[in-house]
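Each chain, letter by letter, is given below.
2 protein chains.
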Amino acid sequence: MNLIESLNWRYATKKYSDRKVSADDLNKIIAATNLSASSAGLQPYRLFIVENQELRNKLGEGSFNGQIADSSHLLVFAAFEKITEEHIETYINHIASERGLPVEALADFKAALVNGILNRTDEVNFTWAARQAYIGLGTALIAAADLQIDSTPMEGFDADKFDELLNLKEKGLKSVVTLALGYRDEEQDMYAKFKKVRLAKDDFASVIS
Amino acid sequence: MNLIESLNWRYATKKYSDRKVSADDLNKIIAATNLSASSAGLQPYRLFIVENQELRNKLGEGSFNGQIADSSHLLVFAAFEKITEEHIETYINHIASERGLPVEALADFKAALVNGILNRTDEVNFTWAARQAYIGLGTALIAAADLQIDSTPMEGFDADKFDELLNLKEKGLKSVVTLALGYRDEEQDMYAKFKKVRLAKDDFASVIS
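Top line first, the protein sequences correspond to chains A and B.
Using this note's numbering, the first residue of the first sequence is number 12, and each one after it goes up by one.
Using this note's numbering, the first residue of the second sequence is number 12, and each one after it goes up by one.
Just so you know, the hints here were simulated from the structure itself, not pulled from any lab data.
Among the hints, erroneous ones may be present.
No copy is singled out in the list; a pair is fine if it fits within one copy or between any two copies.
In the BS3-like style, the derived pairs of lysine-lysine whose C-alpha atoms are separated by at most 30 Å in a straight line are [as the list claims (entries may be wrong)]: (1) K185 x K93; (2) K39 x K207; (3) K204 x K172; (4) K182 x K206; (5) K25 x K121; (6) K31 x K206; (7) K207 x K182; (8) K206 x K180; (9) K206 x K172; (10) K31 x K121; (11) K31 x K185; (12) K180 x K121; (13) K26 x K93; (14) K39 x K25; (15) K206 x K121; (16) K185 x K204; (17) K93 x K207; (18) K121 x K93; (19) K182 x K204; (20) K39 x K204; (21) K172 x K121; (22) K93 x K172.
Pulled out of the complex, with its shape left as it was, chain A reads as follows (with noise of 0.2 Å):
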């Protein structure tokens, strides 16, 4: 399928059936959602995926989203709450790593995100890293449509919850938007036959030429 086809295919799975999805293909969706674009190239998010069936069914108690507990896979997008120098200084050594540099030739760049990111607080800087992981989140949809595999991206959960069950709070981090994989039990779920609205294109857009 092409992009076009693949986005018109997917839609917010409501009921999955028993199919799992394979670790090859995982490991796809992974390293998709890994090369999205980050503001700086920074990736201030970290993605967890849950297989493990226990947590999952407590992820899911008290939530109308069944899907958690019963899809194959359940991705959870994390924002760090704080961006702190230790995170610049562990990406620019990375950087200077991967492209054989010494750390010296990045000082410029790394006085540029100290004094951009550093200087604001730590709420906007929260609210940015999640927009990021929001990225990953579009990356993720697609890269699933794309080797056909449905999904349900969900923000009705509860974060602290999460947060607390994947100890995600010692990491820094905070549970921001969830992504159920799996495979579309077609007989069960209604939804799959609907059709997808969509905004006209010109109520959605307005070219200034």
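Go by the hints and put chain B onto chain A.
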């Protein structure tokens, strides 16, 4: 190119050539972005495609992002500052019309939207709307790369100035992120040759099996 190849090919372009993106390709990018996943399908953001050179010069004045004026087109993603009952009514009427349903058949869905969205503060809803726009940004980045069109996502712009020059405030919109489109000037852009740096897979993603 497949998705992984497209994502590897993409980089935040610094210098653009004079080559323009065709109307046909622009329409493909707009169509893909319009098909992005969006919470409850509500699409609480709009896309502005600025081709006009004079306007792009004004938008780019005083910015360190030469790409605003020097690229082929500038996409501006703008999110609604408030979500109103009218947004929801318009959306429900649009679904009814597209799916050939009486509006009454969507009463429960409408009540859930009103209850879920209108009970939140405008600030919470704007945060949410901006994040939806970032899913669209994730799609637009991939749609461009898929067509071998270069792009530059840019967050460091003067949103108030953009809102004024694009008349967004009177539409209830606020610019949240921009994306320049065009073709790289490979000779002038040293960044075109840099190795892409991303987290090691295990630093980015954790599988809980």
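A quick look at each hint next to the structure:
1. For a Cα distance limit of 30 Å, the shortest separation of K185 from K93 qualifies both inside one copy, at 10 Å, and across copies, at 25 Å.
2. Taking the closest pair of Cα atoms, K39 and K207 come within 30 Å of each other both inside a single copy (26 Å) and across two copies (18 Å).
3. For the homomeric pair K204 and K172, neither the shortest alpha-carbon distance inside one copy (33 Å) nor that between copies (44 Å) is at most 30 Å.
4. In this homomeric assembly, K182 and K206 come within 30 Å of each other (Cα to Cα) only across copies, at 29 Å, whereas the closest approach inside a single copy is 42 Å.
5. For the homomeric pair K25 and K121, the shortest alpha-carbon distance between copies (18 Å) is at most 30 Å, but the shortest distance inside one copy (45 Å) is not.
6. Taking identical chains as interchangeable, the C-alpha atoms of K31 and K206 lie at most 30 Å apart only when both belong to the same chain, with a minimum of 26 Å there against 35 Å between chains.
7. For a Cα distance limit of 30 Å, the shortest separation of K207 from K182 across copies, 26 Å, qualifies, whereas the shortest one inside one copy, 39 Å, does not.
8. In the homo-oligomer, the alpha carbons of K206 and K180 never lie at most 30 Å apart, since the shortest distance is 40 Å inside one protomer and 33 Å across protomers.
9. In this assembly of identical chains, K206 and K172 lie within 30 Å of each other by CA distance neither inside one copy nor across copies; the values are 35 Å within and 39 Å between.
10. Neither within a single protomer nor between protomers do K31 and K121 lie at most 30 Å apart by alpha-carbon distance, with minima of 43 Å and 34 Å respectively.
11. For a Cα distance limit of 30 Å, the shortest separation of K31 from K185 inside one copy, 27 Å, qualifies, whereas the shortest one across copies, 41 Å, does not.
12. Taking CA atoms no more than 30 Å apart as the test, K180 paired with K121 passes inside one copy only; the shortest distance there is 27 Å, against 36 Å between copies.
13. In this assembly of identical chains, K26 and K93 lie within 30 Å of each other by CA distance neither inside one copy nor across copies; the values are 36 Å within and 32 Å between.
14. In this homomeric assembly, K39 and K25 come within 30 Å of each other (Cα to Cα) both inside a single copy, at 23 Å, and across copies, at 29 Å.
15. In the homo-oligomer, the alpha carbons of K206 and K121 lie at most 30 Å apart only across protomers (18 Å), although the nearest pairing inside one protomer, at 49 Å, exceeds that limit.
16. Proximity of K185 and K204 under a CA criterion of 30 Å is satisfied in neither setting, with 35 Å inside one chain copy and 35 Å between copies.
17. In the homo-oligomer, the alpha carbons of K93 and K207 lie at most 30 Å apart only across protomers (25 Å), although the nearest pairing inside one protomer, at 38 Å, exceeds that limit.
18. In this assembly of identical chains, the alpha carbons of K121 and K93 lie at most 30 Å apart only when taken from the same copy (17 Å versus 37 Å across copies).
19. In the homo-oligomer, the alpha carbons of K182 and K204 never lie at most 30 Å apart, since the shortest distance is 41 Å inside one protomer and 34 Å across protomers.
20. Taking the closest pair of Cα atoms, K39 and K204 come within 30 Å of each other both inside a single copy (27 Å) and across two copies (25 Å).
21. Taking the shortest alpha-carbon separations for K172 and K121, only the inter-copy value of 28 Å comes in at or below 30 Å, while the best intra-copy value is 35 Å.
22. In this assembly of identical chains, the alpha carbons of K93 and K172 lie at most 30 Å apart whether taken from the same copy (19 Å) or from different copies (28 Å).
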